[in-house]
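As you go down the protein sequences, you meet chains A and B in turn. Residue numbers for the first sequence follow this note's numbering, beginning at 1 and rising by one. Residue numbers for the second sequence follow this note's numbering, beginning at 1 and rising by one.
Some hints here could point you the wrong way.
Listed below are several chain A residues computed to face chain B (Cβ distance under 7 angstroms; list not exhaustive) [said to hold, decoys possible]:
1) Q51
2) A65
3) N66
4) S75
5) V91
6) F120
7) E121
8) L124
9) A126
10) W127
11) S137
12) G143
13) A147
14) I149
15) A176
16) T180
Cut-off 27 angstroms, straight-line C-alpha distance, at most; resulting in silico cross-link-like pairs (DSSO-like, lysine-lysine) [stated by the list, open to error]:
17) B:K372 <-> B:K313
18) B:K276 <-> B:K360
19) A:K134 <-> B:K372
20) A:K134 <-> A:K107
21) A:K129 <-> B:K276
22) B:K313 <-> B:K360
Hints were generated in silico from the structure; no laboratory data involved. Ideal placement from N, C-alpha and C gives every residue a C-beta, glycine not left out.
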Amino acid sequence: MRVLLAASALLAAAPTSAFAVDYLSADQAAKLMFPDADAFESRTVALDAEQLQRLEASGVRGRSANWPVRVAKHSGATLGFIVVDEVIGKVELITYAVAISMDGTIKQIEILSYRESHGFEIRLPAWRKQFVGKGASSPLRVGDDIANISGATLSCTHVTDGARRIVAVVALARRAGALT
Amino acid sequence: MSQIRTVHAKTILAMSLALAAGSALAQTATEAELAKKLDRLAAELAEVKAQLQQLQQKQAQAPAAAPAQTAQTAAPATTATAASTAAPAVAATPATPAYSSSLLGPGTVLSSYGEINYNRPTRASENAQADVRRFVLGYQHRFDAKTKVVTELEVEHAVSSADDPGEVEVEQAYIEHQFTPTWAARAGLFLIPAGLLNENHEPTSFYGVERNFVETAIIPSTWREGGVQIVGTFDNGLTVQGGITTSFDLTKWDATSTEGRESPLGSIHQEMALAKARDLAVFGAVNWRGIPGLLLGGSAFSGQATQGQSVEKSRITLWDLHARWTPGRWDFSTVYSRGTISNTAALNAALVGNPTLIPKSFDGYYVQGAYKVWSHEDYALFPFVRWEQFNTAKSYADLGPGLTPDAARAERVITLGANLQVAQGVVLKADYQRFRENADLNRFNLGLGWSF
C-alpha cells in the first residue's frame, strides 16, 4: 500500500505554471477538448450508496461519491462533459481530463500533469487516441482494447481504469437525469 | 494554515487508503460511507481553498501595482483564465477539481518489492531451495515540483551477517531534477538503461519466477553505476538517455572461482561500494514508443576497467537491442546483448592454469511470448514461454596452442510457465526450465512477488 507520508504547503498552489510536469490547467484542457463551447457549467454528480454499488457490480470501482463535472455548452445546448481526475501512476499522481460526447463515448483524453520518472509516454497523442469513441460498452482495459506502454504498465492501467470509471459515472448520472 | 495542512494530509491519506482498498471485493456500505466522508473532506478543503483565493485576490487588488504572479494564482476562480482565447466565458468554474494537483508539492512515498522463490531441480532434489530472494524498501521524496530523490535498499537472501549468505545493498540512490518538460538530469547511484529488465526489475514486471538469463548473465541486472545522466523525453515517443558513470573493476576477476563463468560482468561490477573510479564509462540508450504497444530500443555502455591497478589496459563494452510488442492480450519481447573485453590475452597470461579465464566476448538473446488467457476483476492469468540462448564465454583471446581455453558451448534454456496476478501489484508464479547443455539444472520454480 502506498502511503503518502507528507502533505504539502498550500501556498505552492499555482497550477498554471508551465514548469516541469504540469502541461495544462483544467480550464485549458476544457477549452482544448471543446473548442466550440462558449460556456462551461460546473455540476457535481452525487452518487448514493446504491448507485456506487451498481457501479461496482458493473466492474467499476466508484471510489468517490461526488464527481465534479463540467458541462460544455454552446448557445445553451449541451456539447458534452469533462471530468478532471487523478490516479496514482507508480508512486506519483497523474492528473488527466476526460471529455465525453453526447453519445456517451470518449471524445478526448488529456494528461494535465505527470510526475513519474518513467512512463511519460502516456502523454503521447498516439496512446491517448486509443480511447476516442470508446464508451460504457467497451472493455476499456489495458491488454484488451488499450495497448500497454512497456515500462509504464501501472500508469497505463490506472489511467485506463480511471477513464472507464468516468465513462460509467457520467452514463449513470445522465440516466438519473443529473446532467441535462 | 496548519489546520489546512492537516485536512489536506487526511484527505491524501484517506485517498490513498481508499485507492488501495477493496481489490476484488464488492464495495461495502462502509466504503460508501468512507467515500462520502472523503467527499466531505474534499468539499471542506475546496471551501478553504476558495476562501484563501478570495483573500489572495483581495491582497492582489489592494496594492495597485500587484505582481502578476499573484493574479495568476487566483486565475482559476475567475472567468478570465490563462488561456489565450477570450471568447469562451467559463461560467462558475469550480474552485478546485475533485483532487487538486497543485497540492502535491513535497511528498514522501514509501515503495517496496519482494520476491520469495522456491527452486527444485528435477534431477537433484537435494538441491531444492527456498529463498527470500529479495526484499526491497525504498522511498521517493519530492523536494519541489522539479526535484526528487529516489532510493531503494535491498536485502538479498533474508539474513546478512558474517555467517549468513545474505547481502544488504543500496540499489538506487539518486537525485532527479527536471529542467524542462523534455529534459531532466539524474545524479547519484542509478540503474543503467540496458535491455528491458534492468530498469524495470520488479517481480510484477517480468514473466517467470527467476529473471531471464540474458539479463542476468550477460547484462548484470540489477546493474547500477554512480554518475550523472541526462534524460530527454520527446513528443514523438523517443526517450534518450546518456551519461558518465563509474565502470567495472577487472582486477577483481577471480580466475579460481566459477563466478566469472556465470556472469562475466556480474563478477566484476562495483555497485559503488568504495568503487575504484580512476576509469570512467560512458553510456547511452534510445527507446522509441511512438506506436501504442510497441517499444524498440537499444543501449551501449563502454569504459576502461583496470582502474590503474594493472599496467595492462582493458575496455569493457556492452550493448543491446530490444523490442517489446503488446497487441491486445499478447505480450512479445526479445533482447539481444553482446559484451566484449579488450586486451584479455595480456590479462589472462598471468592467470593461465586457473579454471576461469577472462573471456573476450559473451552474448545472448531471448524471445518470449505471453498471453492473457483469463482475467476477472484484478485477477489475470498469463501463460508464457521463453527461449534463451546465451554464452558467457563465447570466445577467448589467443594465448598460444594448448593455453587458449576453448570457447564455452552456448546454453539454451526453455522456460514454460505462468504468472497469476492476484491483485494489481501481487503475483504468483510457476514455471519449468529445461537446460539443453546442462540438464542437471532442469528445475521447477515457484514464486511469490509484490511491488508497490
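*Please flag the earlier hints that this structure goes against, numbers listed from lowest up.*
Hints 1, 4, 11, 15, 16, 17 and 21 are the ones this structure does not satisfy, whereas the remaining hints hold.
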